[in-house]
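Participant: Residue-level listing of the chains:
4 protein chains.
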Amino acid sequence: MSSVIGSHIKTTVFGESHGPAIGAVMDAPPAGYKIDFEQILTQMHRRAPGKDPTATSRNEADTPEFLSGLKDGITTGAPLAAIIRNSDQRSKNYDNIAFRPRPSHADFAASVRFGGFNDIRGGGNFSGRLTAPLTALGAVARQILSANGITVGGHVLGVGHSFDMPFDPVNIKADELNKLNKEYFSCISSDAKEAMTKEIAEAKQNGDSIGGEVEIAVVGLPAGIGSPTARGIENVVSSAVFTVPAVKGIEFGDGFGFTSMKGSEANDQMYYDGDTVKCRTNHNGGITGGISNGMPLIIRVALKPTPSIALEQETVNLSTKQNDKLTIEGRHDPCIVPRALPAIEAAVALALLDLIGEVTKL
Amino acid sequence: MSSVIGSHIKTTVFGESHGPAIGAVMDAPPAGYKIDFEQILTQMHRRAPGKDPTATSRNEADTPEFLSGLKDGITTGAPLAAIIRNSDQRSKNYDNIAFRPRPSHADFAASVRFGGFNDIRGGGNFSGRLTAPLTALGAVARQILSANGITVGGHVLGVGHSFDMPFDPVNIKADELNKLNKEYFSCISSDAKEAMTKEIAEAKQNGDSIGGEVEIAVVGLPAGIGSPTARGIENVVSSAVFTVPAVKGIEFGDGFGFTSMKGSEANDQMYYDGDTVKCRTNHNGGITGGISNGMPLIIRVALKPTPSIALEQETVNLSTKQNDKLTIEGRHDPCIVPRALPAIEAAVALALLDLIGEVTKL
Amino acid sequence: MSSVIGSHIKTTVFGESHGPAIGAVMDAPPAGYKIDFEQILTQMHRRAPGKDPTATSRNEADTPEFLSGLKDGITTGAPLAAIIRNSDQRSKNYDNIAFRPRPSHADFAASVRFGGFNDIRGGGNFSGRLTAPLTALGAVARQILSANGITVGGHVLGVGHSFDMPFDPVNIKADELNKLNKEYFSCISSDAKEAMTKEIAEAKQNGDSIGGEVEIAVVGLPAGIGSPTARGIENVVSSAVFTVPAVKGIEFGDGFGFTSMKGSEANDQMYYDGDTVKCRTNHNGGITGGISNGMPLIIRVALKPTPSIALEQETVNLSTKQNDKLTIEGRHDPCIVPRALPAIEAAVALALLDLIGEVTKL
Amino acid sequence: MSSVIGSHIKTTVFGESHGPAIGAVMDAPPAGYKIDFEQILTQMHRRAPGKDPTATSRNEADTPEFLSGLKDGITTGAPLAAIIRNSDQRSKNYDNIAFRPRPSHADFAASVRFGGFNDIRGGGNFSGRLTAPLTALGAVARQILSANGITVGGHVLGVGHSFDMPFDPVNIKADELNKLNKEYFSCISSDAKEAMTKEIAEAKQNGDSIGGEVEIAVVGLPAGIGSPTARGIENVVSSAVFTVPAVKGIEFGDGFGFTSMKGSEANDQMYYDGDTVKCRTNHNGGITGGISNGMPLIIRVALKPTPSIALEQETVNLSTKQNDKLTIEGRHDPCIVPRALPAIEAAVALALLDLIGEVTKL
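Chain order of the listed sequences is P, A, F and E.
Note that the working numbering has the first sequence beginning at 9, numbered continuously upward.
Note that the working numbering has the second sequence beginning at 9, numbered continuously upward.
Note that the working numbering has the third sequence beginning at 9, numbered continuously upward.
Note that the working numbering has the fourth sequence beginning at 9, numbered continuously upward.
By construction, these hints were calculated from the structure, which means they are not laboratory data.
Note that the Cβ used here is the ideal one computed from N, Cα and C, for glycine as well.
Computed spacing ranges between beta-carbons, pair by pair:
1. F:190 to A:186: 55 to 63 Å
2. E:80 to P:230: 23 to 31 Å
3. P:44 to A:322: 39 to 47 Å
4. P:335 to A:176: 26 to 34 Å
5. E:339 to F:46: 57 to 65 Å
6. A:42 to F:190: 50 to 58 Å
7. E:181 to F:155: 50 to 58 Å
8. F:155 to A:198: 54 to 62 Å
9. F:124 to E:281: 17 to 25 Å
10. E:181 to P:178: 53 to 61 Å
11. A:179 to F:80: 39 to 47 Å
12. P:335 to A:179: 26 to 34 Å
13. P:283 to E:80: 27 to 35 Å
Which chain E residues stay away from chain F? Per the calculated CB distances, all over 10 Å, these:
14. 49
15. 154
16. 173
17. 179
With a cut-off of at most 20 Å between alpha-carbon atoms, the simulated PhoX-like pairs for lysine-lysine come out as follows:
18. A:286 to P:333
19. F:286 to E:329
20. F:329 to E:286
Here chain P stands alone, though its shape is the one from the complex (with noise of 0.2 Å):
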């Protein structure tokens, strides 16, 4: 009960699948930034199905309208509100999962949360559909983050057991960040790309699914944003991140890689570089104590294949109360990270420009 990312600058994101239309609202952003609509799109396609075999062939016209909070392309300081109608539904598809949970979709949790009132077509409230909205609002966030020197960028870290190579936690620049942020499917390698992409096919052929990872990288976030205790940037930006549907694990620098490391490996001794203080090495991603250190902020998440897969599950009959088997037709993604990917860069634009505007000076 509460759709809503961040505590200063807060989104709402709203809608179903199969209703009138999805949105998001921002609360709001800094008044004065020119917002250039084409980069929205760039991301709008980026998460956009259909463009390729590893993607679902809905067909989605997912370019937002923007109903306020802008003037002449420039933020007023009023709420932004972006709406995106629905379209393509095939409603009939999901006739036969009413009663039928999908196996390890949020279907049977969410009936039992919401007494059964829970649209249930094509996920409803849940659906991965929800995270366009959430990416047209991120890339407003990414723009007035950019106009402040600050650049969010990922790529997909892995595949099955295929994987890219990882960003340089030290040396990561803007450019290569802002090379990636123009692709669909944005890999550093492309025999890491292709190889990926030979697997996600696979699993299609299959009528499977398959899971993956995605890397972030922040370049450019200036030393001393975030908060101690539990506004930190790891408290914030994983509470974003997880408002992305199939992501089940974050990571912070070298994240689970600690474990069996020593402190004397893992502490990024500190130099002058310049004025500027700086780290030899990033295990900390940039963060510590919760707070920004001049360093690139380095994000890595996990997220589990999709569970929309064309083989026959068990489920249950909640109408019945008997056992019974489940096959779920329509069309479905056989890997969801590469369109993930711009939603999850998205959700962490917006928590750091919710935690730089709760940076006040007075």
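With chain P fixed as given, assemble chains A, F and E onto it according to the hints.
Facilitator: Chains A, F and E only, in chain P's frame:
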């Protein structure tokens, strides 16, 4: 600028390591719950330093004093506050770090954030000591959850290259958790604990520190807890857990292991066990669509090695603007993982209490 | 920088008078409530301009489009969003005020707040037009309250020197409120309404405007709603009601009348009416200690005269930094009170829904 | 279930009249402000009971102990906590009200709200005693505001039928406020104070109590503070002020006086005073569109007579379910208004600090 865990039942943590006292306020626990002070002390004891060679030799009197919210040991429904007096402070140990931030500590980032006015002694507001009131109020939350049939527990899963056996995600029982909940440095396997202890002792001997990870389980949580989008269990629990210093990663269910899994492997098949819907596996760690599905919650958390090591390190002198060297003196934990475990369990308990408090039936 | 009403069930209002659309999102209504669209239109009609000589002659098509949160007219438990398209905009009417803030309007203060980037046309985000989505979502809240036996209603208590008879604070009934809830310019006494209408017509004829006050009652609210300290009914309702432009005062029960009262006059003596605890009087307006006591809520709200008047006024020219004169053109309400009434009732309904949603029983 | 004032800089108040201590935590004041403890004691003294015949003869040691957030008397930017030990408790005085709620007190409503588990002794969490930590942290807020050129002050405007002269809303100066800020029972006119004192003494002699109202002014607040819709100054200040027990009404500028005014009378004509935009009148009390316009804030607050009177009253016996009689014993204020004044000023100061903290420039 929000040391508050939770949105509905809010816990504010305050204090600085070398100030008069640390504490926390929960606004507000539900009325009518009997709170057993002994159970709180058990948790405080699990977190307290000085108990064995793996921990710092500092001596902290960690008995919380409850100031409000209880009458005859029963919650009144009013805010519940507890404080812990600081003592055994050796401020002089920290004099040499005033302008020389310790690598991988909050020192530098906090100095920028607060314009140098933050209390640097003992880590100030960033000190691991603030997990003491967190643990105390978490112990209150645990008892309220327990009265509702919900048990939170955990163990040290790994330190360095030594690992405990993981929980059985389907069959883990409250009894097993309750046994672990009474121990310092909880482990399932005593051999694993011995191996971890040895790694920690080696690190200490070398003036070094070592990282690790913990695993938390929650049993008895009914299906239907959590909300879509930004208030799912993963959002709220992750945000709370990153409150504990040194935490750098979190995963739910199979987490990062999903990267290499197929949907057909990852999906949890459903069936009726009597009238109860269950899953044959629990790759999702009890959470789908952000909402509990009735299976045990499974959470793993990574912690970096304590950055306070005895070895000489590179730092900067913020006063002279020159590069400098630093050797950290004082008594420090070579491995924070065993002591962080009850604090992480406390954060999970507070997050769940917050989420349960939000699911209102009109 | 937070256009959000409520803490538990949050309603975000967005839009600008001359932008594409205005709207609101409620995050989130409880699931399973049937919403009657006709009742929403009734409230929109009460708020709509152009209906009689007391209101502006602008023509607004105030039919909300619901985008989410409903399936077959029943709340799903997901965020409920509604928008209203803007039309009939005559932007040119506002050209002469771009640098000459209208006295007692938000213009100057907003210009400073947003660095001049706010949309000044039609009042922008400060326009009374934003009470349209507030009224729409308030009408949803009213229906949810009504299904729980709670009725919110009100009347215009005074305009200029003409006053309606006040509610009987002890015996006011839901039927009386429901009758008023269907009317435009609700009054108990038709004579009073006639006198007020006459005062408004006179003000209009003089190119002037006139202030007034409204009285709201809530019946059927059970005892025990509201929380101590900062989440009492008075805190939450007042905060919500000041969302309506032109509101400058609020009082509960005898309010400012308490100044001249003795405790022996002001205290509400208690007795059993069957099994129900009641009060013989209701000076407290149904609220003690911030919590409902089972008696009707009684709330009075003061509104200033519309600042848009046709008379020439003194202002400043922010461009030339010189004193200037201003004559406001365009069509304006000579008295906003009748149209503000349903918006204030809506704000009260949203506040109460928020408070009820918070009273969780674990 | 939120004893929290503020959204950005949050102050949580806790404690019960007869528990170990009461207190408050501010999360978090900006870093780097020197706090003068003497000024805090001055405010505590203004609020403290037992100083003259108009107040209760109870003796409260109201010296706050600051536990965190200060180093060498300067704010660190970490949460600032203060507690006040309870003493001089005479619990036996309250035994006879356990099942017999006092008319117009919180007793009955709170009993329903908390299922009878609330601490009824001395009003528990609803006690006016909780205004002590509010006043203490408000005194911190006042000093931070003062360092930014903003002065909050007030006076008792009326008690019974005796009234002080109101502030000059255009020309009120910081010096006048600072003079009032040092006094107990602040009044501009000593004659008025004498008349009020006489009315209070009469009420006391009759075993009765009496209501009143206060007027608050804020000078030096720059234009542009506050946000549209739900975070305007009126929303946030009113929500904070109703935290003080007995408050039943609030108005800004001419407030309820607007009812009988024309726009031509009510509008504040604007002009340049040098480079500063000012208004010739200040009917709006310094706030238009919810945002400060640079003129002094003018706020009036109504308080009901203390419900604790010595006269026999009608109540119910919740145990026997019968009507009953009650005579309240113990020492009580015949008029709470003089002592409530500094608490209301504190609430205003905390609200403004919260609002200022929110206006971020990226």
